[in-house]
Amino acid sequence: MNTTTSTQATAQAAAFKPSVINTTMINKITLVVFVLLALLPFQDAVYDLFMMKVFCFAIFAASVNLLLGFSGLLSFGHAAFFGTSAYVTAHAMKEWGVTPELGLLFGVVASTALGYVFGSLAIRRQGIYFAMITLALAQVVYFIATQLPFTNGEDGIQGVPRGSFLGVFSLTNSSHMYWFALGVFIIAFLLIQRVVRSPFGQVLKSIRENEPRAISLGYDVDRYKLMAFTISAGLAGLGGGLKSLVLQLASLGDVFWHTSGEAVLMTILGGIGTLWGPILGAAIIINLQNYLANLGGWSTIATGAIFVVCVLAFRRGIVGEISHRLNIRL
Amino acid sequence: MFELLGISPQALISQLLIGLINGSFYALLSLGLAVIFGLLNVINFTHGALYMLGAMVAWMGLTQLGGWVGMPDLQLPYWLALVVAPLIVGLFSIVIEKTMLKRLYRLDHLYGLLLTFGLALVIEGLFRHWFGVLGNSYPVPDLLRGGMRVNELFIPWYRLWVVGMALAACFATWFFIERTNLGSLLRAGTENPRLLQALGVNVPLIITLTYGAGCALAAFAGVLAAPIYQVTAIMGSDLIIVVFAVVVIGGMGSIAGSILTGLGLGVIEGLTKVFYPQASSVSIFVIMIIVLLIKPAGLFGKVR
Amino acid sequence: MKQRYLSKLIAGALFASAGVASAQGISNDSVNIGVLTDLSGIYSAVEGPGAVLAAQMAAEDFGGTVLGKPIKITSADHQSKADLSASKAREMFERDNVDMIMGNVASSSALAAMEVANQLKRIVIVTGAASLPITNERCNAYTIHYVYDTYALANGTAAGVVASGKKTWFFLTADYVFGHTLQRDATEVVNAKGGKVVGSVLHPIKTTDFASYLSQAQSSKAEVIALANAGGDTIGSIKQAAELGIVGSKQTIVPLLMFTSDVQALGLKDTQGMNFTVGWYWNFSDANRKFADRFMKNFNGVAPTSVQAGVYSATMNYLQAIKTAGTDNSDAVMKQLKSTPIDDGLFKGVIRADGKFEHDMYLLQVKTPKESKNKNDIASVLQVIPAKDATLPLSQSKCVLVTGVKS
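Line by line, the protein sequences are chains A, B and C.
Residue numbers for the first sequence, in this note's numbering: 1 to 330.
Residue numbers for the second sequence, in this note's numbering: 1 to 304.
Residue numbers for the third sequence, in this note's numbering: 1 to 407.
Hints in this document: simulated from the structure, not taken from any laboratory.
Only true hints are included.
Quick list of in silico lysine to aspartate or glutamate cross-link-like pairs, EDC-like style, CA-CA up to 16 Å: (1) C:Lys193 to C:Asp389; (2) C:Lys269 to B:Asp142; (3) C:Lys69 to C:Asp29; (4) C:Lys206 to B:Asp238.
Coverage of chain B stretches by chain C, computed from C-beta distances (three or more under 8 Å per stretch; other residues unrestricted): (5) 219-231; (6) 267-275.
Backbone N, C-alpha and C define an ideal beta-carbon position, used for all residues, glycine too.
Please put together the full structure from these sequences, using the hints given.
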C-alpha cells in the first residue's frame, strides 16, 4: 500500500495544476447524486432491493477502506463485525421489538465493542501478522456463532421485522425502507468523509506513509491505529445491521471469511484510499454476482479474475484511476 | 483399565496416532507455503488450489486420459502420478510466476497475497464448472490396500505410507535448503538478491524455480491425498486457511518451524476431536492468536 | 349508444357466467414459475439444473399454456445460502412477478424463501430441503413440502435397519441444526423400535478428515454407525469409512440422508449394501422409467433424482390446480392443492392442511458393482414405506395451521 500511494503522491505533486473540478464542485456533484438516489423508488429500471444491498455492502467496504486505504492496515476479519452486528440487530428487532434505529444502534454498539477488543489484540502486530490475527479472531467469532443458540446456527435469524422508524413510518413498505437505508448510507458516507478530512485522518495517513517518522514526531501510533480500527468496526457493524433490516435475516454467511474477502475486493476494485471507490466497487460486484448467479461457477471465476486484473494492472481501482487522471480527490 | 477424562488410554493413543498422521500431512502442505514465503516473501494463497490441481491431475490421468487421447486403456497409474502431477503443476506455477507474480515483487507483499487469492478463485471456479462439487473417487493403489489392526484401531497401510512420504519430503526439503550449497544460494538470494546477482548468480531463475518447487510440493500432497479424501474442486479451499495458520504459527520464514508446527497441530486437533470435537476446526485459530500475541513472529520465526 | 351499452352488458354477462373465481383471472397475463435452487454448489446434483429441466418438461407436457395464458419458467441460484435465497425470492416475487417458487434445496434457504412468500402471499413448493420444521414449527399457509423430510428419513431408514436386527447405534453428527434434528428424529425411532444408542460424536460441518470420529465409532462397537450429516460430509465419512475398513466389517454405515447422486460420486465399491430412504426412485415402476428415459435424453444420460422428479410432479399438479381453480391467486390454488388427491404416475398421495405431501417412501439398497448394469442402476427397492408411517401424524403436529396455536 505504501508504494502505490507514494507514487500517487509524487505524481500528483509533480503534475499539480489547479483543477476546474475542485472540492466544492465535488461536494455539489455528491449532493446531486444523493438527490438522484432518493428519487430511485419512483422508477422501474433499477430494483430498489438491489440498491439497498449495495448500500449495506458499500458501508462495509468503506469501513475496510478506512482501515486499508487511509491507515494502511489490511484486515481479513471484518466479517466478524459485519456479522455480529447483523445478529444483534436481528435479535433486537425480533425478540425485543425495538424500532429499527434502536436496533441498528444495538448492532453498532456490539460491533464497536468487539472492534475495540480485537483491535487491542491485533494492533500489536504488523503487516501480514496483523491480517492473520484478524482472520483468526474472525474464525473464532464464526465458531461461536455456530454454537450459540440465539444465532440459530445454519438457519440464522429469519423473519426479522423491519419495524417502524421512530415508531411512525413502517419500513415494511419497500420505498420507506429504501429511504431509511439511503439515509443511513449518507450518514455513513459523511461520517467517513469527516474522519478522513479531519486532523485525525491526516495523522492516520502519515502513519500509513511512514510510521517511524510519525512515531518520531511524537504521535502515539498504536492509539491512533486502535481508534481507526474501532471506528472501522463500528462502521462495518452499521452495514451489517442495515443488512439485517433490508433482507430480514442474519446468517452464518455474514461472519464467514469469504465475506471479508469480498469487502476487500470491492475496496480494491473501486479504489483504495478514495471515498467513492468502495461504493462503486460494491455496486459492481453485487451487480456482477447477481448477473452471474444463474451461470453456475462463473461467479467465482469472475470474482477471481477481477482480483487478478486489479492487482496486476489496475491497482488504483476505478475511482482511483479517475481521481488520478483528473487530479482530484474522490 | 483406568480412564482418563472419560476415555480409555487405548482410544487416546489411537486418537494421538491419527493426529500425528494428519499432522504430517499438514506439515507437508505447509512446507511448500513456508518455502515460498521464506525465500520469496510471497504469500501464496494459490497453494490450496494447486493442491487440488495435483489431485485432479492424478484423477484425470487415471480415468479421463484414455478417453481424451482415444486409447481407452491408457492410464496414469498412481506411482507415476506422484511424479508427473507435481511436475505439471510445478510448470504451470512457473508460468504464473513469470507472467504475473514477477511484477509484484517490488510492491508490498500484500499484493502478492491478493493476486494469489484471485488466482485460487479462478482455478477453483474453473474446476467447479467442469467437474461439479461432489467430486470423484480415486482408488487406493492396490499395493497399499488393507492395514493392520492394533487392538481396536485399524491403521490403513496407505495412511502410514502418506506419513512416510510426507516426512521424507519434509526432511529432504529441509536438508536441501539448510545444508546444501544450492540451498545456501537460495537463502542468500532472499536476504540480498542484488549482491548475489552481482556475484554472477542468476537470481531470477532461482526464484522462479523455487516458486515452482514449492507449488510442486502442494501438488505432491494433493496426489497423496486423492485416495483418502474425495477429489473435488473445493478440497483446497477448506484446507488453505488451516495451512496458513500452521505456517504463521510456525514462523513464516522457518521451514523446520512449519514442519514441527504441522505435526504438533495435528496432534492437538486430534485431542480436541476427542474432548470437544465441535471445536476441532477452530482450535488451530485459537492457538494462532495465543502464539502471535506471545511470540510475534511465530514460534520459530525471525521478525523481518 | 344503445348498441355499445348492449355489447357491454353482454360482455359483462359473459364474464359473470364464466364463474366467480375466474373474475380474478391470471395475474400479469402469464403463469410465472421460478426455480430457486443451488445451481453450482454442493446440492446442485440433487436439485440444481436438473430441477430446471424437470420444470420445463412439466410446462411443455402441460401444453405450454394454462387458461390461455403462457407458462414461463425462470431460474435463480441461491448457492445454498440463506441470505441469497431471501433476496432472490423477494426479487422473483416483487420484480419478476413470479407466482410460485419451486425447489429450495437446503433447509435454511427454504425457510428464508418461505418467510418472504408468507409476507408477499405467494406460493413456495419445497422439494429439495429436508427439515421437518418446514411443515411443523415453522409452517405457513403458502408452503408445500413435496418429496421427503427428516421424519420420513428417520422412519424409513432407521426403522428398517433396526427391524433387520441391528440394534446398537452410534451417531456421527454434523454440528448444526439439520444434523441435530436428524439425530434426534432417528434416536426416537431407534428407541421406539427396541434399539439402543450407545454413543455419538459431533463434527463441525465441512470437515475434511473423519478418521478420528470414525475410530471413536469403531471403538464403541455399535452395530450401526449412523451418519447424521449431508453433502460433502456424508461423502467424506463414507469414503474414509471404506478406507478404514469399516465397510464390509461387522459394523454397518447407515447414511441417514443420501441421494443417488452421492452414490454415483462415491462409486458402488464403497457404498454397496448401504440402505437409504428416498421419496421416489426411477427404477421402481414403468411410469417412473418412462419419465426417467425422457429426462435422461436431455440431461447427459443421468437419471433424475427423487427431488427432480418431485419438481416435475409438483409443477404439473400446480398447473392443474390453477386450471381447475380458474385463477393463479395463491389462496385459491393452495385450497385446490390441499383438497385434491395426487396420482400422476410418479407420486400418489394427498397434500395435508400443514402443507405436507403425504406419500409412500422407498427404502433402497445399493447394488454391488457386479449387479449394476449401468451408471444409473445403482440400487434396488428393498421396501415400500407406506405414507402413513413415513409422515408425522397430524395429532403430533406443532404446525399453527393444524393446532391453531402458534408454537
